[in-house]
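**Student:** Residue strings, one per chain:
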Amino acid sequence: MTAVQTATDTILEVNDLKTYIFTRAATVKAVDGISFNLRKGETLGIVGESGCGKTMTALSLLRLVPKPAGRIVEGEIVLNGEDILQKSEDEMRDVRGRQISMILQDPQTSLNPVFTIGNQLREALGIAHRENKSSMLSRAVDALRKVNVAAPERRLDDYPHQMSGGMKQRVVGAIAMSCEPGVIIADEPTTALDVTIQLQYLRLLKEIQAETGLAIIFITHDFGVVARMCDRVAVMYAGRIIEQGDVRDIFSRPAHPYTQALINSVPKLEQSVDRLYSIDGQPPLLSNLPEGCRFAPRCPYVSDQCYEAYPQSYTLNEGHYADCWALDADWQGTPIEEFVPPTGTAG
Amino acid sequence: MAVATNNDALLEVRNLKKYFPVTKGLILMKTIGYVQAVDGISFSIKQGETVGLVGESGCGKTTTSKLLLRLENPTEGDILLEGRDINTFRGAELQDYRTTVQAVFQDPWSSLSPRMRVRDIVSEPLVVNRNVTTQEKNERVAEVLQQVGLHAQQATNYPHEFSGGQRQRIAVASALVSYPKLIVLDEPVSALDVSIRAQVMNLLKDLQEQYNVSYLLIAHNLATVRYMAHETAVMYLGQIVEYAETEELYNNALHPYTRALFSAALPSHPDLIREDIVLQGEVPSPINPPSGCRFHPRCPFAMPQCSEEAPVEKEVSPGHRVSCHLY
Chain A
1 MTAVQTATDT
11 ILEVNDLKTY
21 IFTRAATVKA
31 VDGISFNLRK
41 GETLGIVGES
51 GCGKTMTALS
61 LLRLVPKPAG
71 RIVEGEIVLN
81 GEDILQKSED
91 EMRDVRGRQI
101 SMILQDPQTS
111 LNPVFTIGNQ
121 LREALGIAHR
131 ENKSSMLSRA
141 VDALRKVNVA
151 APERRLDDYP
161 HQMSGGMKQR
171 VVGAIAMSCE
181 PGVIIADEPT
191 TALDVTIQLQ
201 YLRLLKEIQA
211 ETGLAIIFIT
221 HDFGVVARMC
231 DRVAVMYAGR
241 IIEQGDVRDI
251 FSRPAHPYTQ
261 ALINSVPKLE
271 QSVDRLYSID
281 GQPPLLSNLP
291 EGCRFAPRCP
301 YVSDQCYEAY
311 PQSYTLNEGH
321 YADCWALDAD
331 WQGTPIEEFV
341 PPTGTAG
Chain B
348 MAVATNNDAL
358 LEVRNLKKYF
368 PVTKGLILMK
378 TIGYVQAVDG
388 ISFSIKQGET
398 VGLVGESGCG
408 KTTTSKLLLR
418 LENPTEGDIL
428 LEGRDINTFR
438 GAELQDYRTT
448 VQAVFQDPWS
458 SLSPRMRVRD
468 IVSEPLVVNR
478 NVTTQEKNER
488 VAEVLQQVGL
498 HAQQATNYPH
508 EFSGGQRQRI
518 AVASALVSYP
528 KLIVLDEPVS
538 ALDVSIRAQV
548 MNLLKDLQEQ
558 YNVSYLLIAH
568 NLATVRYMAH
578 ETAVMYLGQI
588 VEYAETEELY
598 NNALHPYTRA
608 LFSAALPSHP
618 DLIREDIVLQ
628 GEVPSPINPP
638 SGCRFHPRCP
648 FAMPQCSEEA
658 PVEKEVSPGH
668 RVSCHLY
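As you go down the protein sequences, you meet chains A and B in turn.
With my numbering, the residue at position 42 of the first sequence is 42, and numbering never jumps.
With my numbering, the residue at position 292 of the second sequence is 639, and numbering never jumps.
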C-alpha cells in the first residue's frame, strides 16, 4: 500500500479513491485506487493522456461525479481534516467554492454568455458574503484587480464575448478564488490560450499562490506546464497513479517505463533530437483493463510477472514512488535503462 | 523587398498579401476597413524539406496555408510552383495543381466524413483529379494504408471505428495517395495525445524521406517545429518577422518577438526555465495594425523610431533574415 505521510500542514489527503462509471455494457474504472496528499501552498501536477482518469479525479474531489452512472465506490477524501465523502449534499454546498474550487479548460464555455462579468462575479461572491449592493460591487472590482484585469470598474459591465480568451480565463480564475478556498483544481486552464498569454496566466497563478498560500492541483497532459509550475507530480495511467514524486525527481530520474517513455516522446525545445521515442499502441480501455500491470502490453521491459498481478509500489527516494515490478530487487527481466535528462538552451 | 531567388525551390512565395474587407450595412455594403491577414510575406520551400510557420493565433498562418492551397485568392503577390504562378492556373492545370498540393488538418474528428468508408476518403484525390480504374484505385489505397501503418483490410471501415491517432493516419494517407509534391500540415498533431503525437511526427518524417515530399508545417508549438522543420518562419500580425534555418533560429534568435516566444514556451525540465522577455498585453487587431513596426507596442526594446518607420528586412547572416530596427 502506498505510504501517505501525514504532516500538520496537509490540506487535502486522498486515500485509495475509486470512482467507477456503471454503464449497461460494462463498468468503467475511471479512477481505480489512487492516493496522494497536498500541502498548503503546494502545487501538485496530475499528468496523463486523455482517458486516464485525470478529470474524473478532479470531479471526485468536488463530489461532482455525473450521477447516476458515476459513483465514488471507495476511499477517503480528507479536506481540512474532514472526510467530504461523509458529508451530506447540503454540507457540500459549504465546501465547494469556500474550501475547494475549480478552473476549467475552456473559458468560453465556463462563463454564461447572457450575463455580464460583474453579475457572474457577484453571484460567486454572494456565496461567502451577503452585503449591500455597493460593497458587493467594490468586492467584485477587487476580485478583478487581483487577477490583473485592466480598468476593472469598466470591465464589470462587459459580457464574456467582449473579452479575449486570456481575459475570460482571468475572470474564471477570479470567480474560482472569490470565496478564498484553500485548494484550487485547475483542469488544463491554459490549453485554450496562446503561448505568450499562457505565460502571463501561469505567472499570475504563481503570484496569487505566493500571496495567499493557496494549494493548486494542476491537471494537464503537458509536461512543460508541469516543469514550469509544479512542486510535485503524479503520473496517471489507466485510472492509477503509476509514479509520483518531487518534480525534479520525475524529470531527472523517472523510474516507471511509462513516465520515461512519455517524457522521451515529447519533442524538446532546447535540444535537437534526431528521432523521437514513440510508444507503440494505445492506452487500454477503462472498461476492459488487462490483468496485472496496465502498461504491460505497451511496455518494452515486460515479463510474465507483469501480467499476473498489479505491481507493488516501490519507494525510490523520499516521497518518490513508482508501481513497477522491474524496480524489485528480485527482478529477472531486462533492467530499465538509465534515463538521460535533456540539456541545452533555446532562443 | 529583397527576395533570394532559389533555383532548387519547389514553391516560392513572393510578397504575398491577403486583405479581407470589413463591411458595414446589409444592402449597401460599405467597406470600412481591411483585415490585413497576410501582409507581404516571402519564403520558399525546397524539394523534400519542411518549412515551419510559427506564431500566435490571428497572425495569418492559416490564411497563408489557404492561399497556398488556392482556397483563397491573394490580394497581391505571387505563389510560384516550380516557377509557374499558381494563380494563373485554370481547368486541367488547376486540377493538376490540386493533386500536387495536399493538406492534413488539425482535427481528425472533423476532417474525415463520417459517412464515407476509409477507401473512399483516401482515394478521393485520385478519383476527382485523375482517371483511374477501380482496381488501380484499390491497389493504391492498400499501398498507402500500409505505408501509414494501417491494415489494407481496414479500407472498408468507417472513420468512427478508429482512434484519433489512426484517424490522423487516414488523413495522411489521403494526402499522400496522389503522389503530391507539397503537403500543408495545419497543426497536424496538436489534437492528439502525447504518446500518439510522437508516432504521427515520426511517420511524417519517414514519409518525407520516402517520397521526397515537401511540407509546410503550421504549428504553435516551438518544440514540434524544431523536431520537424528544416527552416522556420516566425509570423506576427501578418508579417514574417524572422526567418532562418531551424537550428540557427533556435540557437540564435534575434527578433524580440521570437525571443519572447521562446521565453513563453514551456521548458522540458524544471531547471531549464528561462524568462528572458515576458510580453505584456495581447496581440493587437489586424484591422488597424500599429504604425511602424507592428510589434512596437509590446516590445521591451521599442525606440522612438519603431513607431514611425516599418523596419526593412535584413539578412544578418546567410539565410537568416530579420525585420527589426535593432539589427
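Since the hints were derived computationally from the structure, they do not count as laboratory data.
Note that the coordinates shown come from a computational prediction; the quantities given were computed from them, not determined experimentally.
Do not take every clue at face value.
[To be verified] Per label pair, the in silico range of CB-to-CB distance:
| no. | chain 1 | residue 1 | chain 2 | residue 2 | range |
| --- | --- | --- | --- | --- | --- |
| 1 | B | GLU556 | A | GLY281 | 18 to 26 Å |
| 2 | B | GLN442 | A | GLY344 | 41 to 49 Å |
| 3 | B | GLY380 | A | GLU207 | 50 to 58 Å |
| 4 | A | TYR277 | B | GLU508 | 35 to 43 Å |
| 5 | B | ASP425 | A | GLY344 | 37 to 45 Å |
| 6 | B | LYS661 | A | GLY41 | 20 to 28 Å |
| 7 | A | TYR277 | B | LYS661 | 38 to 46 Å |
| 8 | A | HIS161 | B | GLU471 | 51 to 59 Å |
Cβ atoms here follow ideal geometry from the backbone N, Cα and C, with glycine treated the same way.
**Student:** None of the hints should be skipped; say for each whether it holds.
**Tutor:** Hint check results:
At roughly 24 Å, the beta carbons of GLU556(B) and GLY281(A) sit within the given window of 18 to 26 Å. A hinted range of 41 to 49 Å holds for the C-beta pair GLN442(B) and GLY344(A), which are about 47 Å apart. Between GLY380(B) and GLU207(A), the C-beta spacing of about 38 Å breaks the proposed range 50 to 58 Å. TYR277(A) and GLU508(B) have their C-beta atoms about 28 Å apart, which leaves the hinted 35 to 43 Å range violated.
Under the hint 37 to 45 Å, the C-beta atoms of ASP425(B) and GLY344(A), about 39 Å apart, fit the expected range. The supplied range of 20 to 28 Å is broken by LYS661(B) and GLY41(A), whose beta-carbon atoms lie about 48 Å from each other. Take TYR277(A) and LYS661(B): their Cβ atoms lie about 40 Å apart, and the range 38 to 46 Å holds. Distance hint for HIS161(A) and GLU471(B): a CB-CB separation of about 37 Å, inconsistent with the stated range 51 to 59 Å.
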